[in-house]
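**Student:** Respectively, the protein sequence lines represent chains A and B. With the first letter of the first sequence counted as 1, position 374 gets the number 426 in my numbering; the numbers rise by one all the way through. With the first letter of the second sequence counted as 1, position 4 gets the number 38 in my numbering; the numbers rise by one all the way through.
Don't read these hints as lab results, they were simulated from the structure. Errors might be hidden in some of the hints.
[Said to hold, decoys possible] Below are the DSS-like pairs computed for lysine-lysine, each with C-alpha atoms no more than 25 angstroms apart in a straight line:
id : chain 1 : residue 1 : chain 2 : residue 2
1  : B       : 78        : A       : 478
2  : A       : 448       : B       : 74
3  : B       : 74        : A       : 481
4  : A       : 481       : B       : 122
[Unchecked claim] Far from chain B, some chain A residues (derived; all Cβ distances over 10 angstroms):
id : residue
5  : 377
6  : 379
7  : 415
8  : 471
Ideal placement from N, C-alpha and C gives every residue a C-beta, glycine not left out.
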Amino acid sequence: MNYVIIGNSAAGIGAVEGIRLLDRDGKITVISSEQEHVYSRPLISYYLSGQVELAKLKYRPDNFYEQNGVEALLGDRVLRVAPAEKGLELQSGQRVTYDKLLIATGGQPFIPPLKGQSGENVFSFTKLDDARSLLAQIKDLKEKKIEGQAVILGAGLIGLKAAEALIKAKLKVTVVELSERILSTILDEQAAALLQSHLEEHGVDFILGDTITEFGGNSNHLKVNLKSGGILDCNLAVIAVGVKPNIPNITDNLIVSKQGLLINQQMETSQADIYAAGDVAEGYDMLKGLRRVIPLWPNAYNQGLVAGQNMAGGNASYDEGFARNAISFFGLPVITAGIIDPPAEDLAAKAGYEVLTTGCLEKKTYKKVVLRENRMVGFINLNAVDRAGILTGLIKEKRDLGGLKDQLLSNDFGYLSFAEEWRREKLWKG
Amino acid sequence: MQESRREETLRMKRIYALEEHCLGCKLCEVYCVASHSVSKDLVKAHKTEEITPRVIIESSGDTSFALQCRHCDDAPCARACITGAMQKDPVTGIVSCDSERCVGCWTCIMACPYGAIRRDKYGRSIISKCDLCAEEGEPSCVSHCPNNALIYKELEANERGVE
Numbered sequence: 053m054n055y056v057i058i059g060n061s062a063a064g065i066g067a068v069e070g071i072r073l074l075d076r077d078g079k080i081t082v083i084s085s086e087q088e089h090v091y092s093r094p095l096i097s098y099y100l101s102g103q104v105e106l107a108k109l110k111y112r113p114d115n116f117y118e119q120n121g122v123e124a125l126l127g128d129r130v131l132r133v134a135p136a137e138k139g140l141e142l143q144s145g146q147r148v149t150y151d152k153l154l155i156a157t158g159g160q161p162f163i164p165p166l167k168g169q170s171g172e173n174v175f176s177f178t179k180l181d182d183a184r185s186l187l188a189q190i191k192d193l194k195e196k197k198i199e200g201q202a203v204i205l206g207a208g209l210i211g212l213k214a215a216e217a218l219i220k221a222k223l224k225v226t227v228v229e230l231s232e233r234i235l236s237t238i239l240d241e242q243a244a245a246l247l248q249s250h251l252e253e254h255g256v257d258f259i260l261g262d263t264i265t266e267f268g269g270n271s272n273h274l275k276v277n278l279k280s281g282g283i284l285d286c287n288l289a290v291i292a293v294g295v296k297p298n299i300p301n302i303t304d305n306l307i308v309s310k311q312g313l314l315i316n317q318q319m320e321t322s323q324a325d326i327y328a329a330g331d332v333a334e335g336y337d338m339l340k341g342l343r344r345v346i347p348l349w350p351n352a353y354n355q356g357l358v359a360g361q362n363m364a365g366g367n368a369s370y371d372e373g374f375a376r377n378a379i380s381f382f383g384l385p386v387i388t389a390g391i392i393d394p395p396a397e398d399l400a401a402k403a404g405y406e407v408l409t410t411g412c413l414e415k416k417t418y419k420k421v422v423l424r425e426n427r428m429v430g431f432i433n434l435n436a437v438d439r440a441g442i443l444t445g446l447i448k449e450k451r452d453l454g455g456l457k458d459q460l461l462s463n464d465f466g467y468l469s470f471a472e473e474w475r476r477e478k479l480w481k482g
Numbered sequence: 035m036q037e038s039r040r041e042e043t044l045r046m047k048r049i050y051a052l053e054e055h056c057l058g059c060k061l062c063e064v065y066c067v068a069s070h071s072v073s074k075d076l077v078k079a080h081k082t083e084e085i086t087p088r089v090i091i092e093s094s095g096d097t098s099f100a101l102q103c104r105h106c107d108d109a110p111c112a113r114a115c116i117t118g119a120m121q122k123d124p125v126t127g128i129v130s131c132d133s134e135r136c137v138g139c140w141t142c143i144m145a146c147p148y149g150a151i152r153r154d155k156y157g158r159s160i161i162s163k164c165d166l167c168a169e170e171g172e173p174s175c176v177s178h179c180p181n182n183a184l185i186y187k188e189l190e191a192n193e194r195g196v197e
């Protein structure tokens with residue numbers, strides 16, 4: 053069997069490992085436009101802040117390709133897939149054939165149309181090369197003894213991790229966000245307010261409910277024009293308003309839905325022998341009951357692992373997709389998963405939702421669980437993350453919580469909170 | 035996730051707690067710390083080394099038990115790990131974390147359905163979890179439990195779900 057994987061990140065590597073569970077011998081070719089060995093993209097903010105050195109960005113050991121019999125074509129691009137001949141044409145001129153193909157090309161930053169943004173000191177922050185460029189610019193500022201100022205557009209996960217890293221690199225940082233609160237996709241109003249004040253204590257300035265319309269000035273001294281009319285001076289800017297699937301324009305007949313490549317629970321696309329996984333793909337969200345892109349590392353790895361097994365003739369499926377995040381800012385950890393803010397109209401319409409919260413402002417803690425028909429569908433654990441995975445497990449289990457509901461927010465929530473029979477069923481699984 | 039593998043589920047010994055035998059004495063925790071110390075000495079380990087126990091003791095009223103990493107077949111922690119530090123050994127089945135590569139992002143804590151992974155209380159931000167005392171043959175918590183409330187064995191099919 054001859055496997056080709058386009059993409060060398062979480063989904064691509066998951067697929068290699070999935071294939072090798074079932075097929076030790078088939079040929080695997082991994083094609084990536086990046087030159088890098090397997091590295092972890094979420095770690096680039098740790099690299100930018102100096103917390104992690106370059107060598108430790110590796111997601112798998114140096115001998116990963118050799119051990120798994122992978123031919124890695126790095127720094128090359130797929131120009132065209134011809135499904136009829138099962139062939140790929142690469143930028144380098146090389147032609148590659150496949151029996152099973154996986155598209156795991158990930159996401160790419162969404163860049164809104166802004167005037168003047170082509171300036172050299174306006175960055176994205178999703179790839180190692182972005183971190184390298186930012187580090188070079190910071191070094192340049194330091195050499196010129198300029199006290200650096202940065203403006204970040206977007207208060208999502210990427211924007212705020214960039215903000216933290218740049219503060220640690222001794223820059224002044226202002227984050228501009230169109231929404232009225234930070235991390236609006238994974239936090240509710242209360243949690244967002246708590247985290248925002250924590251970030252402000254560590255030096256991040258926020259301008260919410262506003263956005264950037266134009267970049268002016270010159271490369272060393274940018275002038276950022278805001279929609280509200282204000283102007284911010286800075287030396288560098290990061291655009292982090294979101295990512296979109298990086299759908300390669302390489303073949304016809306692949307169904308692209310609202311956002312990504314449409315896949316079923318076996319990670320198959322609409323084309324025979326072509327699979328997709330990770331941030332490029334629109335897989336099943338078990339909580340929302342629909343297909344959508346869930347651009348998160350664990351989701352990508354798991355989809356890749358399933359795709360790989362199925363490419364190798366297996367019968368695996370993944371239907372446990374839902375949003376989940378663990379993230380820390382200046383030592384304040386937060387774990388969230390699932391539906392964290394059911395729409396007010398759903399609550400009003402009594403769509404079976406129930407929301408429980410507890411917390412302490414002084415201790416900067418906040419816990420929230422969201423139930424639907426007495427089943428766990430989401431939670432926020434801010435600065436109270438220990439054992440949060442039990443809640444994630446309950447989401448997957450989809451079981452009626454019964455009396456366990458009343459224990460979910462307690463400080464010593466654990467397996468003793470479960471009914472004895474349920475606990476034994478889980479702890480004596482073998 | 036439904037899996038499809040050539041091999042049968044990896045068979046391995048795991049630690050099981052017998053609630054009705056547990057006295058809640060926490061000696062498992064004490065020996066866990068010693069086992070993961072440099073000195074391997076009970077007193078020195080607690081007085082001079084900073085070690086987070088790998089075992090979690092749950093206790094309420096008359097009921098108590100110790101809980102360690104279940105070394106799950108599908109190891110959701112390893113599959114979620116963003117650095118590759120958390121790995122399940124395909125031969126021994128042991129799930130372990132390379133503390134050199136761990137950055138303390140807590141993604142494994144988000145993923146572990148047993149809540150069996152701890153944040154290390156000391157030093158650099160990393161996690162701490164049971165490694166089944168891989169170097170010692172039998173986990174130290176099991177061999178030192180004074181009331182045999184912890185057993186280390188491979189369950190037979192008819193033992194699953196029951197004590």
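**Student:** Broken hints, numbered, in rising order?
**Tutor:** Structure breaks hints 1, 2, 3, 5 and 6.
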